[in-house]
Amino acid sequence: MTEVVRHRALGLTDEQVLEMYRYMVLARTVDERMWLLNRAGKIPFVISCQGQEGAQAGAGFALDPSKDYIAPYYRDLCLVLIYGHTAKTELLAAFGKPEDPNSGGRQMPGHFGDRARRIITGSSPVGTQIPHAVGAALAAKMRGDDFVAYVSFGEGTSNQGDFHEAANFAGIHKLPVIFFCENNKYAISVPESKQLACKNVADRAAGYGFEGVVVDGMDALEVYRVMKAAVEKARNGGGPTLVEAKTYRLVPHSSDDDDRSYRSREEVEEARKGDPIVRLRNYLLEVGVLTEEQDAALRQAALDEVNEATAYAEQAPHADPSTLTKFVYAEEALSDGR
Amino acid sequence: MTEVVRHRALGLTDEQVLEMYRYMVLARTVDERMWLLNRAGKIPFVISCQGQEGAQAGAGFALDPSKDYIAPYYRDLCLVLIYGHTAKTELLAAFGKPEDPNSGGRQMPGHFGDRARRIITGSSPVGTQIPHAVGAALAAKMRGDDFVAYVSFGEGTSNQGDFHEAANFAGIHKLPVIFFCENNKYAISVPESKQLACKNVADRAAGYGFEGVVVDGMDALEVYRVMKAAVEKARNGGGPTLVEAKTYRLVPHSSDDDDRSYRSREEVEEARKGDPIVRLRNYLLEVGVLTEEQDAALRQAALDEVNEATAYAEQAPHADPSTLTKFVYAEEALSDGR
Amino acid sequence: MAVKQYIDAIREALQQEMARDERVFVLGEDVGVRGGVFRVTDGLQAQFGEYRVLDFPLTESAIVGVAIGAAAAGMIPVAEIQFADFILPAVNQIISEAAKIRYRSNNDWNCPIVIRAPFGGGVHGALYHSQSMEALFTHVPGLKVVVPSTPEDAKGLLLSAIRDPDPVLFFEHKKLYRSIKGEVPDSPYTTPLGKAAVRREGDDVTVITYGLGVHLALEAAERLESEGITAHVLDLRTLRPLDEEAILAAARRTGKVLIVHEDNKVCGIGAEVSALIGEYALFDLDAPIRRLAGPEVPAMPFSPTLEKAYMLNTDKVASEMRSLARF
Amino acid sequence: MAVKQYIDAIREALQQEMARDERVFVLGEDVGVRGGVFRVTDGLQAQFGEYRVLDFPLTESAIVGVAIGAAAAGMIPVAEIQFADFILPAVNQIISEAAKIRYRSNNDWNCPIVIRAPFGGGVHGALYHSQSMEALFTHVPGLKVVVPSTPEDAKGLLLSAIRDPDPVLFFEHKKLYRSIKGEVPDSPYTTPLGKAAVRREGDDVTVITYGLGVHLALEAAERLESEGITAHVLDLRTLRPLDEEAILAAARRTGKVLIVHEDNKVCGIGAEVSALIGEYALFDLDAPIRRLAGPEVPAMPFSPTLEKAYMLNTDKVASEMRSLARF
Ligand SMILES: Cc1ncc(C[n+]2csc(CCOP(=O)(O)OP(=O)(O)O)c2C)c(N)n1
Ligand SMILES: Cc1ncc(C[n+]2csc(CCOP(=O)(O)OP(=O)(O)O)c2C)c(N)n1
Ligand SMILES: [Mg+2]
Ligand SMILES: [Mg+2]
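Chains as they are written, first to last, in the numbering used here: chain A, 1 to 338; chain B, 339 to 676; chain C, 677 to 1003; chain D, 1004 to 1330.
Calculated from the structure, these hints are not laboratory results.
Warning: the hint list may mix true and false statements.
[Unchecked claim] With the Cβ distance kept under 10 Å, some of the chain D side facing chain C (calculated, not the full set): (1) Glu1063; (2) Ala1274; (3) Phe1286.
Glycine is no exception: its CB is placed at the ideal position from the N, C-alpha and C atoms.
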């Protein structure tokens, strides 16, 4: 019966772990819907979180959305849901509608941002968000604020100069920041072996004077455990941690990709067996926190939410073309002198 | 009597180790002359190798100037002397005269380059030369050529993104390249503790899947030993090595710097006791390869060479202003279609 | 000679030059096994092997920096930047290094690299998969900047770029990849860098443009013909160095100049074209020099209505041409 | 009010704004203990402590990237790039990030950072310590680009830049640091961004310039006065956004326009100024629009003869002005 207490031993109530599961299911449901909409020609682009929901949920639950800043990357759908976004906000983004709180439909889906929720606005060039999170952590340290900053990125992105420079600076000043690498084995078509020669991305932390931890990213609870420790350390002045969650991207890189050219169907099928949602579901069933009926209801609720969000987002008005030139600089009336 | 055989045990003949010493003395003599010329208002700028001659000599003697490419940085005066430059070439550069083979007087002194000698042209923005050396090593691997590529840089520069990206690529393809970090404890005024949080720059090699080695950079023979192994490994397909030579910059960053604002005179005086030239001299005297008289003669010869070079360089003609616009692109007559 | 797509012409140039010259190799993200995200390099790795079509880690500065070093050691690298927008991390290597290597070494070293990048919008790519990056480089001595508008030019200019002894940036408008077809000679040939091409002769108004703009201008010219307005259309092809003679001749031909580009207007290449004319052909002008360009916003949005509002189209070009012709 | 050097005016602005607003902090290489390699930040660390005058590792992309993140969390960072030439590794953070944050977030986020950098030549800095980098940024919507020419402006414009809610690049000509003195009010004041200043009125020829060029133009104008030529000198002060009205007014005033900048000519800011005039004031011109600028070489050489040949000087400016006035 050690299994029974696993989430409780981590300090998660039954409600919390169910909530974690619910977010993962919701993220998957939104994601799958986007693919359908794309294949139906209704939205031009999808970039997916499938396979990485467990890592994101584990991370999200270890953070405090009421104060911690996050600088997510384009796959972090599950994380931003935990941070207060909804099926509706993300479908609005997918349709490029102005009600989308991420960017008013200006950016591709998956380009998150929301000032009120401390989701730092992101872009497409990979890795640029890493120093941003470090900068937020610097502000926390300078002002003595209690928040930590969190930034996520792929393993391919850990090769960019911006990762190195930002991690180095964070290490010197022991800033309250967590570097969260979602290692899904590929950077588009390029496998890990052609991207980096070290065994783990986490090994790089030693070069910056802080700890690197490898965690099974398909196990949401294990990610939670590791992240919780990292967040506590950061909050207590212990400095940064590089957490590497080993995951797998279960679908092509994006709706523009065809992954059959660079990986076998067998490999993908094999990876599907470790689907983080299936794993958490099995755990919850096993420990009796979830029943099959509850699961069905939860999935139906997610589907309902997504259906409603789709309908809303699809019919929402498009941006007025006259808004094209708005918000390049502060508009007189909106500027507060800063 | 283990000391007696130290250089021979490393495979260096008495002549070779004396030659190594001679280059170090010559480099120092040229360098000191440049400071004098600067203080006399005759040349606008000096950037110094003082304190790093041992590291450079050890590295230079481990390379094969007849085939190995080097991408040196601005302090590598001793290394380029070993690669065939002379007091005259470098003083021509210091005076900005067109006969300077590095750049025809177009670049500041210390900006080395010489195609015939496989010294890849360098610039001021730090770290840009690191991927260049890796690119040369890639060419060697692609063509099956026997050369290795060598690149040097300061410890401050090891924080630049270009270091990270280049080292990562070299690690993936096990390229024949040696990364040589001349750690002189400061990046201008910024001490090591404010530049990086890891103990050694060499620790970073693990993040790229190859070996990192720390060596006492004030001991030319020890550097030679470590570099020799790295070069052999690279030549035999064993891939890159990151060698970190612990040195000390004995003079201000450049003629524009005043180091009294950021380090104590005691610290500098203490470091002077480990002067690599003094150390090699003491060793040579001790093992009887050098006598005081020979040393005096050798220093006199260096001084003569520098005097002659100074006189030559000072009176050499300045660039004709009409050459200002030359060599932006290939001139018709000089292009070979490439 | 056969009719080929713009994208196929580019692939053919790469393939033929790699076959002809062992030093030529391609490097970039996903260029190998995947054949590039746009499939420009499709099939090349199968023919030339893993190293000559090299899947590079996700590090643009190193892509260019390693290319520079390989060139120093005798190779002829053709680097692909996956989207022109992502050339920015490599700007230091391009401007501090590639552009200055010949000059700073007093002609001792040179830097024969090509950097190819798909650019431009209208493909729902949003802010970071739609930008025009040419104006960042046209200012920089030591660089050449090329933008082909036709399949024939794409092949001939790319072969010239690869054979050029200096660094060349080669921008391919991604909307042209599969929308534009044309006759392309099968065997290798070069189209000279630095030479503009008159795409259509006319007497009432001159349009100076490049890339996608050429096709918009030609369509617009067609339309205006029925209104009795004849347009002269100059395709710049190379943005650095500009073909000054051709620009001045085209301006003088009609005395009314419209410069068209997708990139935003302020300090775009159109400014230099205009300044050239204002300096050397001022008294041949019958009307102010006009520029029709992207709006002054950071980049085009994802929203279909905003993207459409950003992009040039035949209507917009025709209406500017008409108003200028009637000036 | 006291007479101050350009460099002291900049330091005073930093010091006063840091004292006024706790959110303002300085970060860069050697800005702390050493007070900057030019000593712009001398004494500030002693007053404000280690973090508010932060010695940053040698990583320009992180300097800007961390500044952006700190701004997102409510700080007002003033980043120093040691030499403008070394801004290139940070170009991705500046153009992909800082410039686009407000637009891409639909006004949800903004990016109130300042990036200061000494630029310009004539100080034996050779290729990489002499460049003018403004033209890389004047094309980019979302950025503001400022170049003060006087101590008074240096202080007032820097205070405006720090208080501006959007990213501002602030380029300081290093030759002006200690060579130019002027009256500077002791208390804080702001000089508006986006406004040019008429430095001298005249009727025969208009010179439009900025930075060091203003001083050359004023000296040249002085000289020409004795020849009976009066010059109108406009100091742009802000290069993005340009003060279009002031430019057109200055052009119309004399009908003869000379644009002067140290940066090389092709696609420099002078091209945009010329194009503006060619678009909106063409018929007010009595002579071709001329540009006097740096030569088309990658950067100025170390060699004293070549550096001298590169640099503008009063003679060169005067002779262009004279020839244009006599046109
Ligand atoms: C600077 C930059 N270069 C290239 C791209 C194109 N691109 C988008 S995602 C991607 C692969 C990212 O791989 P990884 O970091 O492992 O993240 P993953 O997509 O696998 O989660 C590439 C090459 C980009 N967005 N930014
Ligand atoms: C990209 C860039 N930024 C800043 C500078 C200015 N600069 C020249 S040397 C130097 C310090 C270099 O430190 P380190 O790498 O340790 O080498 P060292 O000079 O100590 O040998 C700095 C900041 C530069 N040359 N290039
Ligand atoms: Mg990945
Ligand atoms: Mg150092």
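Problem set entry | Hints violated by the structure (numbers, ascending) | none
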